[in-house]
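J.: So you can see what is in the structure, the chains are spelled out below.
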Amino acid sequence: MYIPDFEYYAPDSLDEACQMLAQFGGRAKVLAGGTDILPKAKTFSPIAPPQTPLPEILVSLKNLEELKKIEYVPGKGVVIGALATHNDLVNSELLNKKYMSISEAAHQMANNQVRNRGTVGGNLINAVPSADLPPILIALNASIKLVSVDGERVLPLEELFLDVCVTCCTEKEILTEVVIPDQKMTGSNYIKFGARRSGALAIAGVAVAVEVENNVIKDARIVAGAVAPTPIRTKKAEDFLKGKEVTAELLEEAGVIASGECKPITDIRGSAEYRTNLVRVLTKRALRKAIDQGHV
Amino acid sequence: MSLLPEYRDPSKKKEYAVIGKSKPKIDGPEKVTGAAKYCGDLKFPNMLYGKMLTSPYAHAKILSIDTSEAEKIPGVKAVITHKDVPSKKYGISPARWDENCLCIDKVRYVGDKVAAVACVDEETCYKALAAIKVEYEPLPAVLDYRHAGDEGMPNIHEEYPGNINTEIHQEFGDLKKAFEEAYYVRKDVFQGQRAYQSPIEAHCAISMWNGNKLTIYSTTQSTHYFQYYIAREFDLKMGDVRIIKPYIGGGFGGKLEPTGLEFNGAVLAKITGRPVKMFYDRADMFYHNRGRHQGTYELTTAVDKNGKILGVHANFILDGGAYTSLGIATAYYAGALLPLTYEFDNYKFDMYRMYTNLPACGAQRGHGAPQPKYAFESHLDNIARDLGIDPLEIRLVNARKPYTTTVNSFDIQSCELKACLERVAELSDWRKKKKEGMPKNTGIGIATGAFVSGAGYPIYRNDWPDASCMIRMNEDGTSATVYNTTVDLGQGSDTVICQMAAEAMGYRYENMRIISGDTEAGPMDFGAYSSRQTLMSGWAAKRAGEDIKRQVLNMAAAMMGLPPDDLDARDGIIFSKSHHHPTKWQPLTYEEVVSQYCKLYGPLIGKGMYKVHATGGTFKGAAVGTSPAYSFCVQAAEVKVDEETGEIEVLAFYDVHDCGQPINPMLIKGQVHGALYMGMAETYWEEVHFDPKTGVCLNPTLGGYLLPTALDMPKIIKNEIVDSYEIVAPWGVKEVGEGSTNPTMGCFRNAIVDAVGVTINSTPITYEKVWRALKDKKEGKQPAEIKMPPPPANAAVKPY
Ligand SMILES: Cc1cc2nc3c(=O)[nH]c(=O)nc-3n(C[C@H](O)[C@H](O)[C@H](O)COP(=O)(O)OP(=O)(O)OC[C@H]3O[C@@H](n4cnc5c(N)ncnc54)[C@H](O)[C@@H]3O)c2cc1C
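Residue numbers (this note's numbering), protein chains in the order written: chain A, 1 to 296; chain B, 1 to 800.
Check before you lean on any hint, since a few could be wrong.
[As the list claims (entries may be wrong)] In silico lysine-lysine, DSS-like type, Cα no more than 30 Å apart, as pairs:
id: 1; chain 1: B; residue 1: Lys693; chain 2: A; residue 2: Lys263
id: 2; chain 1: A; residue 1: Lys263; chain 2: B; residue 2: Lys611
id: 3; chain 1: A; residue 1: Lys289; chain 2: B; residue 2: Lys777
id: 4; chain 1: B; residue 1: Lys21; chain 2: B; residue 2: Lys401
id: 5; chain 1: A; residue 1: Lys29; chain 2: B; residue 2: Lys401
id: 6; chain 1: B; residue 1: Lys693; chain 2: A; residue 2: Lys40
id: 7; chain 1: A; residue 1: Lys244; chain 2: A; residue 2: Lys145
id: 8; chain 1: B; residue 1: Lys611; chain 2: B; residue 2: Lys237
id: 9; chain 1: B; residue 1: Lys21; chain 2: B; residue 2: Lys61
[Claimed, not checked] According to the in silico footprint, chain B covers these stretches of chain A (three or more CB under 8 Å from chain B):
id: 10; stretch: 80-87
id: 11; stretch: 153-159
id: 12; stretch: 220-226
Please keep in mind that the hints were generated in silico from the structure rather than gathered at the bench. Quick caveat: nothing in here was measured; it's all calculated off a predicted structure. Even glycine gets a Cβ: it sits at the ideal position worked out from N, Cα and C.
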């Protein structure tokens with residue numbers, strides 16, 4: 001198992017990093033925790049060539065301390081730096097208090113070693129369909145900021161994802177932060193369904209956020225992962241719920257509608273039919289939990 | 001049984017000083033601190049790195065190989081193809097040597113060995129491999145074992161027409177009559193999957209030559225078989241081949257045979273004159289494989305009104321992969337071990353092991369037995385359900401009794417299967433749960449198992465002792481070193497052997513040392529397979545220990561002025577059994593006596609050996625499955641099934657073992673927990689997937705091939721051993737290694753069926769399969785039936 005040679009830079013500022021990316025063009029890629037980019041570039045044997053060869057140049061963001069913070073900025077919301085690790089999400093007091101469901105989602109990822117290194121930014125830009133953070137972040141209406149020498153742009157997270165492992169983040173851009181705006185939502189929740197309790201990728205995952213008042217759903221966002229090329233919002237199910245009183249039948253029906261909106265594939269981890277069923281079940285259960293536990 | 005009442009009466013049991021105690025593992029500190037060096041950690045001056053080029057096709061002719069570009073790359077020290085290696089075929093089962101160091105004219109699976117390189121570093125190896133040009137002519141491939149024998153299928157090995165690797169037909173008693181006279185006959189077909197051992201440590205071999213002498217450091221389960229087979233391949237004398245086993249990180253049957261790493265590494269080392277380290281990566285391991293065979297298992301059983309088994313017909317077909325590996329033994333084991341747990345007089349066993357263009361299968365923990373046993377235990381539950389008999393009761397009705405002989409001529413001495421059944425029933429509260437019922441979607445299942453405590457005959461025909469051992473006292477008596485060639489794969493054999501040696505010597509475990517696994521340092525032992533070491537190597541250690549003790553007592557007798565018969569030793573103290581006096585005949589220490597001995601006579605050495613007595617019948621294949629003694633065990637699992645997702649949660653697991661007298665209870669627990677871990681995952685997760693069109697492995701990683709984590713282990717695990725003593729074994733021991741995997745899949749399957757009332761006849765019983773079965777049931781659909789494939793067109797005998 002070896003990694004081919006590459007050039008390595010670790011700029012000291014975001015500006016410098018952006019300049020490097022602009023200068024190197026397609027020859028360079030950003031290195032965050034490295035838990036996606038490095039294993040994928042390893043040659044495990046002649047019979048298992050690398051999934052994605054390494055670029056010539058890696059630009060490590062490790063010195064950009066400001067991108068590691070998780071803080072509340074009044075008027076903006078909770079700002080999660082792109083370099084925050086999964087364990088930072090798990091252990092952040094701010095998130096535990098305000099968005100426990102994000103900490104919980106992060107805790108279900110990978111294993112402790114990977115959670116210590118893997119970052120939010122890497123998880124989003126890597127953009128595999130089974131990634132665990134996009135569903136809950138999209139459910140909470142997160143926006144992201146992309147920065148490059150040409151300036152910066154802010155966009156809803158759900159617009160980032162274009163296809164399997166394809167995002168609208170260009171080779172010049174760096175994802176700097178994820179912002180969770182102040183919420184009206186009263187509850188949220190992410191359920192991951194993997195074959196084992198630890199270190200398994202999601203066969204399907206569903207995140208929901210709901211605003212419930214007097215047992216009536218005023219607003220709902222439902223996002224399914226691992227059941228389409230990108231994380232998807234099941235908008236028909238969301239619309240169906242709005243204005244209705246919470247009953248077991250209602251949640252069941254929302255699950256059925258949501259499952260009709262996903263486009264899963266069949267692979268060795270599960271058939272399309274099974275994944276569709278999981279979306280139904282997980283949607284129902286995630287809604288129930290989000291409603292009952294009464295916190296986001 | 002009243003054969004040996006003194007052993008069976010707990011009140012008369014001898015109090016032992018060293019055995020029967022959970023002594024800490026002798027290699028524990030080295031392993032947990034990282035000081036222990038495994039093969040992959042070793043480096044030698046001037047050492048080169050080697051890798052093999054493997055086939056991208058499942059089945060293809062090799063038209064040409066051009067290595068010229070690869071040879072030009074700086075840092076490439078040697079490139080070899082079949083022209084540079086012996087053309088003699090090798091294998092581990094002597095009746096079918098069918099593998100070449102490097103393929104000559106044909107590749108037979110994706111991953112088959114084509115060329116090898118030795119370079120200054122690993123990176124250069126990959127560059128060199130990429131520069132080797134091989135021209136292939138792809139051939140149609142045989143990827144489904146169920147059709148490998150069909151008319152018109154491509155032939156994989158010329159010597160084996162119709163792709164039949166092994167064909168077995170055995171019949172005992174009068175099955176026809178049993179079926180005619182039966183109250184009830186049921187037939188079921190089950191299917192198992194390909195599983196892989198997945199030891200933590202990858203295979204590695206470092207080869208070096210000194211003149212004509214070859215030394216290989218290797219991740220091996222048997223230094224002797226490596227020495228023998230490697231000497232054979234290179235026409236060397238055994239004395240010119242030295243195999244050294246460093247610490248091993250698990251084998252589970254996958255490291256019993258030498259591989260391309262040893263054979264090609266030795267050639268590369270010879271050509272370059274430098275040590276060459278070759279090693280697998282995780283993906284290579286999956287391709288090299290030698291894991292669990294997949295198969296289809298048809299069972300037909302006749303019973304009387306009470307569920308007493310009258311006769312069984314086992315009709316099996318196995319996917320052997322491209323080569324034999326240990327597969328002949330696997331094929332025989334599959335049927336041979338079935339009659340162990342239950343008594344019946346009529347039995348027929350038919351088996352085809354088919355060649356396919358997939359990686360070769362071999363011996364994985366439980367060797368050939370676990371899938372058939374899973375099938376039989378499931379089948380038995382089906383019969384019990386049809387007859388309205390409790391699964392526990394049908395097993396009690398049929399359970400083997402001690403001092404019986406199986407229908408296929410295996411002599412059983414100790415057997416506490418009934419006691420195991422009763423104890424599992426108590427621990428799990430079986431009868432209460434059955435009477436009062438369990439909460440919705442929860443269920444409990446039970447299954448039995450049995451296994452050999454060492455194969456009765458060696459893998460290749462020879463009449464060397466099965467095990468031998470030497471013990472040398474340090475001259476001042478402060479330590480004793482065991483020299484043997486047993487293999488501690490992590491199971492703890494070094495610990496157990498030292499406990500047994502110390503007990504026999506009357507010495508202290510804490511002062512024992514062991515040098516195992518070096519053919520030049522220790523006498524011959526066949527190594528770690530067929531769960532043989534505690535009984536077989538244990539005998540040799542016990543006898544070597546007794547030899548030391550005899551010499552020590554003789555010396556002490558002279559020093560004390562007492563007859564040797566009056567002396568004994570315990571915990572390193574030599575004392576008179578009859579003379580207790582405040583000043584005279586004072587006890588002596590091992591240190592005093594051994595020092596005196598060595599000053600007078602030189603080295604103090606004890607030796608011992610063990611050879612299995614003649615076992616088994618005389619029919620074809622009678623040798624496989626013979627053993628000096630058999631372990632028995634019963635397991636029960638309680639599971640909860642999520643109706644909507646099919647997810648299975650294990651609530652509790654119970655295991656009760658008859659493994660003879662225990663040497664180290666903690667290590668027994670370790671084996672049972674490990675077996676549970678493996679068996680549980682083989683029941684519902686583990687499966688090596690291949691692309692059905694290309695034969696490419698789809699999940700050759702630890703992310704794709706899921707093994708349980710600590711979080712997945714059941715919270716409640718109760719395991720116990722029953723009182724048992726095996727007369728042909730040292731201190732009455734029996735195995736606990738492989739046998740514990742035998743009941744696991746069956747008890748889980750039975751628990752799942754009990755929980756949700758649907759039948760799933762193929763493993764792994766994935767969550768998706770459970771969900772689908774429940775859905776089918778709800779929709780009134782019949783579950784998809786598994787069909788027994790027709791016998792191969794070329795079969796000598798077609799039983800049905
Ligand atoms: C054993 C194991 C288990 C795993 N389990 C899970 C799991 O359960 N759930 C899950 O979702 N994931 C899992 N992963 C995947 C991985 O850990 C996560 O996706 C992680 O968040 C990736 O972050 P990273 O910082 O390591 O990314 P890196 O590997 O450093 O980068 C990934 C990609 O994103 C780009 N990138 C990274 N940061 C930025 C940035 N700020 N701006 C622009 N581009 C950027 C990189 O160029 C690269 O293309 C697992 C990985 C492993 C090895």
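J.: Evaluate each hint against the coordinates.
T.: Hints, one by one, checked against the model:
no. : hint                 : in the structure
1   : Lys693/B to Lys263/A : 25 Å, holds
2   : Lys263/A to Lys611/B : 64 Å, violated
3   : Lys289/A to Lys777/B : 29 Å, holds
4   : Lys21/B to Lys401/B  : 28 Å, holds
5   : Lys29/A to Lys401/B  : 69 Å, violated
6   : Lys693/B to Lys40/A  : 25 Å, holds
7   : Lys244/A to Lys145/A : 35 Å, violated
8   : Lys611/B to Lys237/B : 24 Å, holds
9   : Lys21/B to Lys61/B   : 58 Å, violated
10  : 80-87                : violated (count 0)
11  : 153-159              : violated (count 0)
12  : 220-226              : violated (count 0)
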